[in-house]
Every structure is written in C-alpha cells, then in structure tokens.
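Novice: Using the sequences plus the hints, can you model the full thing?
What follows is the residue order along each chain.
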Amino acid sequence: MSDQRLTGAEIVLKSLADQGVEVIFGYPGGAVLPIYDALFKQNAIRHVLVRHEQAAVHAAEGYARSTGKVGVVLVTSGPGATNAVTGLTDALMDSIPVVCLTGQVATHLIGNDAFQECDTTGITRPCTKHNYLVKDVNLLARTLHEAFYVARSGRPGPVVIDIPKDVQFNQGVYVAPEQVVHRTYRPQTEPDMRRVEEAVELMARARRPIFYTGGGVINAGPRASELLRELVRLTGFPCTSTLMGLGAFPASDRQFLGMVGMHGTYESNLAMHGCDVMINIGARFDDRVTGKLSAFSPGSKKIHVDIDPSSINKSVRVDIPIVGDAAAVLEAMIAVWKKRNCKADKAALDAWWAQIGEWRARECLKFQQDMSPSAIIKPQYAIKRLAELTAGRDDVFITTEVGQHQMWAAQHIPFERPNHWMTSGGLGTMGYGLPAATGVQVAHPDALVVDVAGEASIMMNIQEIATLVQYQLPVKVFIVNNRWMGMVRQWQQLLHGERYSQSYSEALPDFVKLAEAFGAVGLRATELGQLDDVIGEMIETRRPVIVDVNVAENENCYPMIPGGAAHNEILLGGQHLTGEQSAPEEGMVLV
Amino acid sequence: MPPIEPIERHTISVLVDNEPGVLARVIGLFSGRGYNIESLTVAEVDTYGRRSRITIVTSGSRMIIEQIKAQLDRLVPVHKVLDLTDEGSFVERELALIKVAATGDKRIEALRIADIFRARAVDSTLESFVFEVTGSSEKLNAFIGLMAPLGLVDVSRTGVAAIARGKEGFLGEAILAGE
Ligand SMILES: Cc1ncc(C[n+]2csc(CCOP(=O)(O)OP(=O)(O)O)c2C)c(N)n1
Ligand SMILES: [Mg+2]
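Residue numbers (this note's numbering), protein chains in the order written: chain U, 1 to 591; chain R, 1 to 179.
Because the hints were derived from the structure by calculation, they are not lab data.
Heads up, a few of these hints could be off.
Derived list of chain U stretches under chain R, where covered just means 3 residues or more per stretch with a C-beta under 8 Å from a C-beta of chain R [unchecked claim]:
id, segment
1, 112-125
2, 310-324
Cut-off 30 Å, straight-line C-alpha distance, at most; resulting in silico cross-link-like pairs (BS3-like, lysine-lysine) [claimed, not checked]:
id, chain 1, residue 1, chain 2, residue 2
3, U, K135, R, K80
4, U, K135, U, K41
5, R, K69, U, K302
6, R, K80, U, K302
Note that this is a predicted model, so its numbers are computed, not measured.
All residues carry an ideal CB built from backbone N, CA and C; glycine is no exception.
Specialist: Listed below in structure tokens is the structure:
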C-alpha cells in the first residue's frame, strides 16, 4: 500500500478523506486546478463554493465551532491566498482549528513574480499557528496529516499548506495518518496535580470567589462544559463568561452572572472587581475583559487554567498557573474537591451572593420599549424577541457580525449549551457572521441558523447570499438596521464630541429587494406591531431569508466600561458622558 | 501602580528543526511582539537530525522574558528553550574580525593593544591589519573602542554563542541520534 503512487492532487484528497473530512469550502483558480480536477472525480468529499475566499475561511470557522471538527479551506494562489488572510487572522485570534490549502505557482517559478504568485507562507506566517510550503510530493501526505494534528492540538488555530502546481501533478507516495508522528509539537494537556491541589485549597478558603470562563472551555469539547457545570454547582460559586465562552455554562442558571467585560453585566464586572479568588478557566485576560490593567481585580488571588503557557502571566500576573486542557483540569479539580471533602465557607458565600443580588437588582440590561403597535422598535427588543420566539429549541445557532448588535445579542440571547454561538471576538471582523452561518448550516442542515447582523457589517460579505441560494441553506440574516455604524457612532458620541465622521450608513440597498434579486426571501419590520409576525415567518421559511428590522437609530449599548477605565467605573444606560473631556486621557488611545 | 520592573539581559538557547522559514518565525515573533534582540546567532549543530541551535541575547522585564520563552516554545518547529541566564553559570563567546588601516605610531599601538586582548592578525598589508578577537561581547566592545582612534575601518561580528557550564548537554538525544 505504501508503494502505491498517486498524483499530488490525489494525495491531497486521500489525506483529507483519511482525516475524516466530509466537506471543504473553497474557490477555484489556475494554481489549484489539479486539485479541483481530482475533486471532480470522487464523491467522498463535498465542496461548497463560496463567493469570496475570506468567506471560505469564516465558513470553515463556523463549521469547526459548531462541530468541534477541523474546518477545511481550498483556495488558489495570489489573490485567493491574500483574500483568505482576514479569515486566517480571525481563526488565529479566536483559536479555531482550520486547515487552509493554497495553490502556488510551480516550484521553478517561485520567486520570479510569476502570474498570481505571492509569498503565501511569508504573508501568512504571523496570522497562522503554523504554515508549510510543500516542494516535494512525497512529503505532501505527511505534511497534511501534521497540519491537522497541529490545527486541532493544544490551543487550536489555522494552518496553511501552500502547494505548488507541479507538486499537485507529480506522482508520489501516500502515507496514512497513523504513520505520522510529529517531531516537536507535544502540547501539555494533563495538569500538574500539585498546582490543582493548591488551587482547590485556595478555592475552599475563598470568601468572595468567582469563576471566569472563556472560549477554552468550548474548545476543550462538550465534556469540559459538563464538568464546568458540575464544579460550579459543587462549589456554589458565581460564574461569569467572556464573549467567547458563552454557552459553556447555562445562561438561565442562577449562578450565572452574565457576560464580563466592556459590555458585560454590572454584576459580573463588579464581582470580578471585588472578588478575593478568581478562577480563570480557558480565558486570556483580554483587554476587553480587564479594562484598565492596573485597577483590574486588585484584591484577588488568581488561578489561571490555560492550555497555552504563553497566555499565562502575559498581561495579568497570576498566583496559581495551571497548564492543561480545560476538561482535564476541571476533572482534576472536581476529584480533589470531593476527595478532600471541601465545603465552601457558607456564611461568607451567603454574604457574597447577597452583595451580588444588590448589583443584580440594578437590572443593567433593562431598556425602555414603547409597546404601542406603531412604536419604533428598539434594537435590544428586536433581539430579545428573536430569543424568546426561538426559546425552547435546542437547534438554534446564532452567529453575529460586529458592532452594537453583536453585543446586544451576547447580552440578550441566553445561551444554554456550548458550540451554538459563533462570533468574531479577538479580531472583531465585520463580515464574519454570514459566512460563518453558512458553515454552521452546512454542518447542521436542519437547524435554525441565524446571523444577527448590522446593516453596515452585512455589506462586507453580502455576496454569500448566493452561496446560501445555490446550496439551499436556509440561513436567516436578521439585520438590526439602525442606519448607523452604531458602535462607531456610540464612540463618537461619547468620546469624540458627537462629531459623527463617516459613520452614517448612506445609500443602503433595499434589503428586501436585494434578497429577492439573489433568489432568497426578503422580509421587513418597520414598527413594533410587525416584529413578531416577521420573526415567525422567518422561522417558518425553509429558505434563506434576509430580515430587515428597522430599529431606533440612536440607541447606545450599555453597560459600558470606557477604554482605559476600571471595572468599577462601569457606565449604565442613562448615565451619559459626552465630549472628549470626560474620557480618561490614557483611555483615548485605546481601541 | 505596580512597581516598574527592572530590565534584565538574558541569553536563551533554542533548539529547532532546521526547516525553511524557522529563522523567519523566530525573528517575526520578536519584531511582531516588540521584543528586543541584542544578538542572534544560528547554525546547524546536528546534521543527522537536522537541528539548529539559535542563541538569542535579549532584554526586558522579568514578565517579558517569561513571555519570550513561552512564545518561543509555542512555535511548532521548536524542540526546546533554555534560559542560560536563569539556569546558572554559562560561557558566552563572540568572535569579531576588525580591520584597522594605519601606519607609523598608530600601527604599532594597534599591534600592542591587540596583543593585550589576545587578538590575532589574520591579514596584514603595509597599511592595514585584520584582527581576529574572541571573548565576551563586552571585551569585543572594549577592543573596538580602543581601535577607533587608531584607524578602525571595518567590523564584522558573529553574535553570541553560549553554552552552560557543567556536564549536562542541551542537545542530548539530538547528538545521540547521530551515532
Ligand atoms: C472589517 C472591519 N472594519 C471596520 C471595523 C470597525 N467597526 C466596528 S463596529 C463598526 C460598525 C458596525 O456597524 P453595523 O454593522 O451597522 O453594526 P451596529 O453597530 O450598528 O449594530 C465598525 C465600522 C470592524 N470591526 N471590522
Ligand atoms: Mg448599524
């Protein structure tokens, strides 16, 4: 079997099949034609043709995040590869496992500025976990198997394999995945038990503890979420989550405080600020979460569980670092807690919960909605109704674009289970949501997949409606249309003296007609009385739908911790700061 | 405000697979994250196993140094990372070739100083010398400084090579694999 000779293109497809790949997202071009030819001759792997290579990567991310598998992308050299760069960077920032195959000009032309040549490995080196240029067809299968291993192991991420066209034609030897052992890369997954013991000891003595959980719990697989639930219930501690971690712990649980960070809840941010023991599981002390570093949770001892040693002590110094897979560490913590018969300090914990209860009573997510049928719809209300009218189903997947609507979706949609929420967290990529939803729907054909969108963001990858129509993917694009780049407008209002420079959405298309032009369904709600019916019709329609919900134009997203402020300087709705004077000076330079 | 951490200078050894692009990855890491490189040397040290040793001299606060090591260790082709400065005592050497163009008294003075520094003349014309000098980076700096007024016209330095004292080897299996 090992002396069987195949062409490079055949080796690519066989490697993918042996890696369990069922579907790839891509776009053809001169430098990948041999692979497209081999694809044509087989049935094991499906190809989804996107309309822009950036969308291929986001679709692979949506596929990966909703299934736990590696997402696969195939694009051509030059412009195909450069178009993929935003998606690769997005996947790197959010630790999503993706393998991206790029075509390259023939080996003898590399470096000659050949047609559609670019230095793909050079360009993608800083935006991938790892990348390869394969110049020898006999190394192709090994490289592909290694790439899958690297993409999904440790802290997951995108891996690029650049394959010159002659290598795709040449004949070579295939090797199976089992025959490939990586020479250097062995991430640590099992924790140091002494550290776990120390951590549990600290937890048992805590008076004002909090679990701070992140995307690492989701990446560690569904079992990690189950173990998190067990540990949180066992201890009785409150639990908050980053944007990336939503769903790992059920939003409806009394012990959940909502999201933490710049637009997180009042109670979770104040609890993070005032806690005495912070248990970080799979989060990375991102600047959206910490706010002003020097004032971040000043009185707490910090436990940090992360699979990536470089995340530890990067921005926040911690007391007990634990390197390992979140599921393995959670399991170990539960075992130690039970073995030692630990009991939380009941009186202290009761007082802590009473304090949290006072913060909760502020009802920081509350907003005013005029309930008359002709009233203007508030954006929060539109999203809240979307959540309420789809509640009770366990097959609802939400993706988002980037902006206020994204934050309102995170605040107002209660996520009960992992892998059902896909948003661009680290990079904040407008244009992410629609292609990501495409990938989710490919993986879950019968599910209700909704992209909560802004009218500005959706224009960034609107061409992907054609992909939905071609493959009859019934994705719903739910546009919260406030006619502004709302998040930009909000910052300009609060921090730049209400000078609304270039943030109004001029010359918007008629989204209903646009949907129809693509062969999709277009719906619109302009006043409160229409909203529920439109959402109902959207849910019922088994075709791709664009819903244009016209909402109040000037609503701001609260709570908000302005850049450079501390958690306890959080602003609630109604408390307005205006004009640049009110912004903390060093905060102005922050994004 | 947390106290400002002092800046430390560290010499770090990195054992890597000698594959294309590995040096670009290391350099890209330093430039992309804004770390300092004072010196960087690289050469294959295990031809059988195709492994190279990179020696990096860098500086930063303790937190940054720890980040640098963790980030280096995270690169896929990296076998291991050793902070020689933290591990205890180590030997650090650099080689420089230094050209001095001078005649008369200056020429004689250059030769006298070269002798004190145990520098060897490896090329000589009636108007110039090329000296080869090895030692710590500080010694090389001192030698170059003294040559400056005597007709220094060219300098080429290798960067630092460093190795831990004592019997432990850094390459371990890598060298064994070659037998
Ligand atoms: C590709 C990209 N370009 C620019 C930005 C900066 N940005 C962040 S939010 C935003 C406005 C988004 O407007 P919209 O999609 O209408 O959402 P809204 O905030 O109004 O809900 C912009 C321009 C970004 N995040 N991504
Ligand atoms: Mg908008």
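Novice: Please count how many residues of the segment 112-125 of chain U have a CB within 8 Å of a CB from chain R and say whether that reaches 3.
Specialist: Result for this restraint: holds, n = 3.
Novice: Are the Cα positions of K69 (chain R) and K302 (chain U) separated by 30 Å at most?
Specialist: Measuring from Cα to Cα gives roughly 22 Å; hence the hint holds.
Novice: Has the given pair, K135 (chain U) with K80 (chain R), been kept, meaning a C-alpha gap of at most 30 Å?
Specialist: Roughly 27 Å between the alpha carbons, so the hint for K135 (chain U) and K80 (chain R) holds.
Novice: Are there three or more residues in the segment 310-324 of chain U whose C-beta lies closer than 8 Å to some C-beta of chain R?
Specialist: holds (count 5)
Novice: K135 (chain U) and K41 (chain U): Cα distance at most 30 Å?
Specialist: 24 Å, holds
Novice: Is the hinted pair K80 (chain R) and K302 (chain U) satisfied, with a Cα-Cα distance of at most 30 Å?
Specialist: Roughly 28 Å between the alpha carbons, so the hint for K80 (chain R) and K302 (chain U) holds.
Against the hints set out earlier in the document, no violation occurs for any number.
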